[in-house]
Amino acid sequence: MRGGVAVTAALLLGGATLSMAQEGVSVSAPMVKGALPVDDPNAAVWSSAKPATFPMSPQVHWPNRIQEVTVKDLSVRALHDGTQVAILLEYADPSQDPDDAAALQFMVGDKKAHFAHGQPMAQVEGGPVNIWYWKNKDDKGVDMNAQGFGTLKIQSHQDVKAKAAYANGTWKVVFSRPLSTEHAAEDTQIVPGGFINISFAVWDGRKDGAGDIVEKGSQKAVSSWWYFRAEAPPDYSAYYYAAFAAALALGFQFVLIRKLKKGQTA
Amino acid sequence: MGGSLLKPAILIGIVYVILKFVVPNIPGSAPLPSSLIFLYLMLTTTGIVIFATLSSASKDAFWNPIQRFMTGENIGGLQAVRYAVLIVFPLFIGYQAYGSTATSDAPPAENRTIHPAPPGEYTGLSNPVSKTPENIMQGKGFYAAFCSPCHGGKFDGKGPAARGFNPPPANFSDPTTIAMLQESYLFWRIKKGGVGLPIEGMPWKSAMPRWELELPDEWIWKIILGEYDGAHQSPRTWE
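Protein chains in written order, with the numbering used here: chain Y, 1 to 266; chain S, 267 to 505.
What the hints contain is simulated information worked out from the structure, not anything from laboratory work. Quick caveat: nothing in here was measured; it's all calculated off a predicted structure. Careful: at least some of the hints might be erroneous.
What the hints assert, rightly or not - Which chain S residues face chain Y? A few, computed with CB under 10 Å, are given here: (1) L352; (2) L357; (3) I359; (4) Y364; (5) G365; (6) T367; (7) P385; (8) R429; (9) R476.
Cβ atoms here follow ideal geometry from the backbone N, Cα and C, with glycine treated the same way.
Just chain S, with the same shape it has in the complex:
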């Protein structure tokens, strides 16, 4: 018995394995949310049920084993499994109900945008300081004095003052930080600091100083040169 149910079960298993383990490994893809996987499995199951019930012969072949299993008639050794299913199913429903009604101990989720859009006047500015070895060296000197306590002597965001801050200071050697940004963007972030962020950047949490109050623009542009050079990254360009 059960042969007509084996194929659908295997099919659902294969679909699950593909969605869970194969799709995320396709280049350019990402792991699917479990709710989406659940939806696809429901669609697969619905398809199987429709297919299996197309003719009355296939319908009987599909439903009879299920009916026999549910009623427990002539299923021999499967009786124990039947009892297990009959006990686990209500428990599972109860567990789901608990999960959706229990008050959470987790603090509110935070959706912080790490690189929010800059104000218009800070888009497309080009670095007025030329990229000479002297300027880069001077920039690195300013970086060591003003930035490295948090962003680190190795440009990795692990300076001695970094540990208490949440969000952590940016790691410039990570290809998803300054390598994704233009010099103009860095100029805005250094000049206006954490308090200059828009609401989606959660400005109330950032420890980044508003350096416009302390450093001339020219120093900031030199720091930008020093940061890219020290972190072995290049600014993003559009050409």
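Chain Y extracted, bound-state conformation:
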């Protein structure tokens, strides 16, 4: 009976952590064998990654602001193969436009960076951000850096790839890059097992009645900082420790009972 209680408790605890992961605090990239689907947003292997959904807000932090945006939620999946990482964004956009665009943002190095392009902070020394950008009409990845407003710069070394597909009112955009690069001062470095910060931006490139693009530049949908982790290879050591501890406890019981029995007969 007590065993039943313990098992139920374990199941409840396990269930609680599962539901937390789905709420969208962290994107977890499982390690897969074989080639990553860097050119195929519809590849079947994407289903082996659990999606995390993140709410989006209009960018109101600095001018030019925007009060309403098309994309309200973003679903994110990721995979890695030990050398490369691939991140798939999925979001609803009623129209396919040449200026539709999406981006990922990461912190670079040890210093914290403000989620608005690494804007300088008054009391904290911040670091730069690394931005991976995709625009429909170019359909390629652009690797950029920024540290404050108006400092967005395309890197001289481009490591990011992007490929997108549009169907049934939904964009699927795949970004990919080697987990680590030789440019640690500009590129985010992804170490399997470690959590890093990630944030997202989306532009609906449709035009209004006057022919102006509605979402462009700082007028975009943005997210806060969340977490990203490339999963480390499976580590079974905790099971070994558990088995060892249980065996010790069992041995302790055995010795104790033997001793008690001897004491009684003596």
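With chain Y's structure known, arrange chain S on it following the hints.
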């Protein structure tokens, strides 16, 4: 058998119920962390063992049933319970070992201070704008234009632009936000924005604009009047 063990078991149960369910409901109290409850229960158990082993007669009365249960001699129907305990105890120890060595899937915990201390120059400033109906109305107008997209038309932090932001925009109608703060503090937060926070406030996460770049001080003071009035709160005072 077991009568001498029943009382200690009941005592431990009572102590647990008091710590877990009674103490948190005492006005001004709070739920105790489970580690603290565990510590108190260990102390209670230690006390019981010391008390029970004071004389050799009471010691035998205390230990004999335990010994009989452990060795399984003449315990009749309790034999099944004994086997259950002998199986569950090693499993429980194994489960504990697993819990303390397994790598966590949870992202790092964040301890953000919601209302960190303001810089010295922003303490004790009084609102230079007088609290007239006109100024309050003007403040509410500025609030509607600049603040309500996030902080909400109802001052509840639920504006249309709020949903994506973490931490969420402050809910001014909540008595733990502006009602706990002085006008001077609000002036600092509006003027310097999220990026003006000290490190314990995690400035890199806040979407609050640095309004000093866009609004004159007088407008900010009027917004403060409008916020308190609209949220039906009063600034904290020290008298």
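Hint by hint, here is what the structure shows:
At its closest, the beta carbon of L352 of chain S sits 6 Å from a beta carbon of chain Y; the interface hint therefore holds under the 10 Å criterion. Satisfaction of the interface hint for L357 of chain S is found here, the shortest Cβ-Cβ separation to chain Y being roughly 6 Å, below the 10 Å cut-off. Interface restraint check for I359 of chain S: the shortest CB-CB distance to chain Y comes to about 4 Å, inside 10 Å, so the restraint holds. A hinted interface residue such as Y364 of chain S counts as satisfied when its beta carbon comes closer than 10 Å to some beta carbon of chain Y; here the least separation is about 4 Å, so the hint holds.
Nearest Cβ of chain Y to the Cβ of G365 of chain S: about 8 Å, under the 10 Å cut. The hint holds. For T367 of chain S, the interface hint holds, since its Cβ comes within 10 Å of a Cβ in chain Y; the closest pair sits about 4 Å apart. The beta carbon of P385 of chain S is positioned within 10 Å of a beta carbon in chain Y (closest approach about 8 Å), and the interface hint is therefore held. Look at R429 of chain S: its Cβ gets to within about 5 Å of chain Y, closer than 10 Å, so that hint holds up.
Given the 10 Å rule on beta carbons, the hint for R476 of chain S holds: about 8 Å separates it from the nearest Cβ of chain Y.
Violated hints are absent here; each numbered hint is respected by the structure.
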